[in-house]
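Peer 1: Model the placement of chain B with the ligands on the given structure of chain A, informed by the hints.
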Amino acid sequence: MNAILRSSIAGYALLLGAATASAEGLVAYEIVDGAIPASLTGKPGDPEAGRAALVNRKLGNCLACHTATDLGDEPFHGEVGPSLDGVADRWDEASLRMLVVNAKMIYEGTVMPAFHREAGLNRVMDSFAGKPILTAQQVEDVVAYLKTLKE
Amino acid sequence: GGASADETNLPSIDGVTLQTRAEAPEGHPLTEIISGFEFRTKETQALELDDFNNPGFLMVELGEEAWSTVEGTAGKSCESCHGDASESMRGVRAAMPKWNEAAGRPFTLENQINACRTEQMGADAWKWESDAMLGMTAYIGLQSRGMPVKVDMESGEMRTWWEKGKELYYTRFGQLDMACANCHESNYGNYIRADLLSQGQSNGFPTYRLKWQKMGSLHRRFKGCMDNIRAKAFKRGSDEFVALEAYLAWRGQGLSVETPAVRN
Ligand code: HEC
Ligand code: HEC
Ligand code: HEC
Chain A
1 MNAILRSSIA GYALLLGAAT ASAEGLVAYE IVDGAIPASL TGKPGDPEAG
51 RAALVNRKLG NCLACHTATD LGDEPFHGEV GPSLDGVADR WDEASLRMLV
101 VNAKMIYEGT VMPAFHREAG LNRVMDSFAG KPILTAQQVE DVVAYLKTLK
151 E
Chain B
1001 GGASADETNL PSIDGVTLQT RAEAPEGHPL TEIISGFEFR TKETQALELD
1051 DFNNPGFLMV ELGEEAWSTV EGTAGKSCES CHGDASESMR GVRAAMPKWN
1101 EAAGRPFTLE NQINACRTEQ MGADAWKWES DAMLGMTAYI GLQSRGMPVK
1151 VDMESGEMRT WWEKGKELYY TRFGQLDMAC ANCHESNYGN YIRADLLSQG
1201 QSNGFPTYRL KWQKMGSLHR RFKGCMDNIR AKAFKRGSDE FVALEAYLAW
1251 RGQGLSVETP AVRN
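Residue numbers (my numbering), protein chains in the order written: chain A, 1 to 151; chain B, 1001 to 1264.
Chain A extracted, bound-state conformation (with noise of 0.2 Å):
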């Protein structure tokens, strides 16, 4: 499959691969200026939905490298990533939306992975291959919680 496939329909979601539409898919977006203005999934997203995605182990697993204060009820914060808390005062949410899908395009050669891609990886064990670790929507959660962690 195609790396990232920019959407000729600026800000319109496309489902890409497979006829069928996967909720596991990877979605077509268009960057601007380094970022991704426009939803995913053109709808917006749900920042407790985003929080739960945030910590579970299994989707982002963020605290694996970030902190937070407003997540202090959470175990276990790691410290290869700065600190969540004021994240949206210094990223506009398009920004947060890039940093989500691939960091790699603000942060060249950072540790943090690509949230939203499946190209251009190598070894991927069979059971993940040719899906991102986020879906479109649980990109869109993430967004949507970020954007509350104001100082």
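I should point out that these hints are in silico values taken from the structure, not numbers from a laboratory.
The C-beta atom is built at its ideal place from N, Cα and C for all residues, glycine as well.
Where hints are given, some of them may not hold.
[Claimed, not checked] Covered stretches of chain B (in silico footprint by chain A; criterion: 3 or more residues with CB under 8 Å from a CB of chain A, positions within the stretch not fixed): (1) 1049–1058; (2) 1163–1173.
[Stated by the list, open to error] Only some residues are given here: those of chain B computed to face chain A with a beta carbon under 10 Å: (3) A1179; (4) R1193; (5) D1195; (6) S1198.
Peer 2: Only chain B with the ligands this time, still in chain A's reference frame:
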């Protein structure tokens, strides 16, 4: 951060000092070489420092027994040829993997043991992760405990294998798209979720891992790390893992062999 060792107060077992920190030679990617020991809790460290409580010694005993057990068509045991392991096997683990001219490839300790079993004893090769192999590698490894890891990268084609290992070490794998270096070079000393990242050194292997409730080979650990980043792991004993092992041994030169180490 992890427990830090006072240079003048290095850990020791029965009077044998463990060099858990070593100065990195020039051209080495790290500034200081640090054993995984330093990143573990006091409780875990205490288990390693006491042979009576170190659960890895069950495997060592298994290996010691096998050492003098006759097996195979030649009617020999390891002892028939190698005598007292505390003399003949001293320093062996510290120098592994080692170039083997006849095989035309590096030999890990497992490779050498199986070569002796099949070619010298007329016995079956042991499976990489079998208790028999873990026991023998632990028993032989123990004979080098406290000795500095020192591998010879100049003999045969070791350099080529080192290069291959280095390339793998910096290659990103899996759905999480991470390389060994992302965790063990750029982030040692940092927590990744509940785990305190070490430099991923190989000096303690085979290692008793509390999480496994068992002793495990270095290649099992490699597989575990690849599983965690959702990568299709290479096979135990594969060229890729042998190359990584050779490269890691070089990265950990100067650290004491700690076999059988205890990790969590
Ligand atoms: C394996 C480590 C790792 C994981 C997992 C990870 N991140 Fe990151 N993240 C980083 C690092 C490191 C940075 C800093 C960029 C850099 O210097 O590489 C970062 C940066 C960020 C930033 C920008 C922070 C700022 O203040 O500029 C955001 C937002 C972010 N991550 C969100 C997330 C979210 C949401 C998840 C999970 C869906 C996540 N990260 C998972 C390592 C990680
Ligand atoms: C996502 C992070 C991550 C990646 C990538 C990773 N590891 Fe690890 N590794 C760990 C963690 C966590 C541990 C257990 C704690 C520790 O010792 O660092 C560990 C432990 C180890 C150990 C045992 C160290 C000891 O003292 O017992 C070795 C050896 C090792 N890793 C090698 C590798 C190699 C080789 C690779 C690449 C194929 C790799 N790791 C990739 C996280 C990682
Ligand atoms: C009939 C003789 C014989 C028997 C039996 C035998 N070996 Fe060996 N072993 C050798 C010879 C010869 C070498 C040297 C090989 C070489 O240099 O290429 C060797 C080398 C080794 C080495 C490498 C030593 C070094 O300095 O690098 C190890 C480890 C070893 N054997 C372990 C074992 C074990 C364990 C057993 C039993 C399971 C065993 N051997 C049984 C003959 C034997």
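Peer 1: If a hint holds in the structure, say so; if it does not, say that too.
Peer 2: Structure-based check of each hint:
no.	hint	result
1	1049–1058	violated (count 0)
2	1163–1173	holds (count 3)
3	A1179	9 Å, holds
4	R1193	4 Å, holds
5	D1195	9 Å, holds
6	S1198	14 Å, violated
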